[in-house]
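**Student:** Sequence:
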Amino acid sequence: MPGTWVLYTDGASRGNPGPASIGAVLYSWAESEPLVEVSTVSETIGEATNNVAEYKAVIAGLEMAHTHQPEFLWLRADSQLLIRQLAGRYRVRNAALVELHRRARALLDEIPHQLEHVPREENTVADRLANLALDHR
270 MPGTWVLYTD
280 GASRGNPGPA
290 SIGAVLYSWA
300 ESEPLVEVST
310 VSETIGEATN
320 NVAEYKAVIA
330 GLEMAHTHQP
340 EFLWLRADSQ
350 LLIRQLAGRY
360 RVRNAALVEL
370 HRRARALLDE
380 IPHQLEHVPR
390 EENTVADRLA
400 NLALDHR
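In our numbering, the protein residues as written are 270 to 406.
Here are the simulated distance ranges between beta carbons:
1. R358 / H405: 34 to 42 Å
2. A375 / E306: 20 to 28 Å
3. V305 / L401: 19 to 27 Å
4. H337 / E316: 29 to 37 Å
5. E306 / E340: 16 to 24 Å
Since the hints were derived computationally from the structure, they do not count as laboratory data.
Glycine included, C-beta positions come from ideal geometry on N, C-alpha and C.
With the hints as constraints, model all of the structure from the sequences given.
**Tutor:** Okay, structure coming up:
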């Protein structure tokens, strides 16, 4: 189902590093129409830092988006570091993030996209999905 899609992602870590999880929600979007939820991810990822969880959430969300063959994808996340690293505005200095960044960029490079940092208040569904996974581990 081609078209414009919106992907919200979030990672959570209790302890940083500590038990961690990811959440992602994919919406289809037609101009002047409300977003329609298509698919979600909510799962634990073991012990990880918050930044590792943020990257793993993006990767899982992008893999989910790829199955729908979007013509354009808006990726929205509340991690400013993540968005700026993916946009090439910040270098990836943390060795634990280098391979995750490479994988996320490779997935992004296959889809016309726009990256957007959003306030936490606009990322509530992905945040809830990440926290639900941790609460039910």
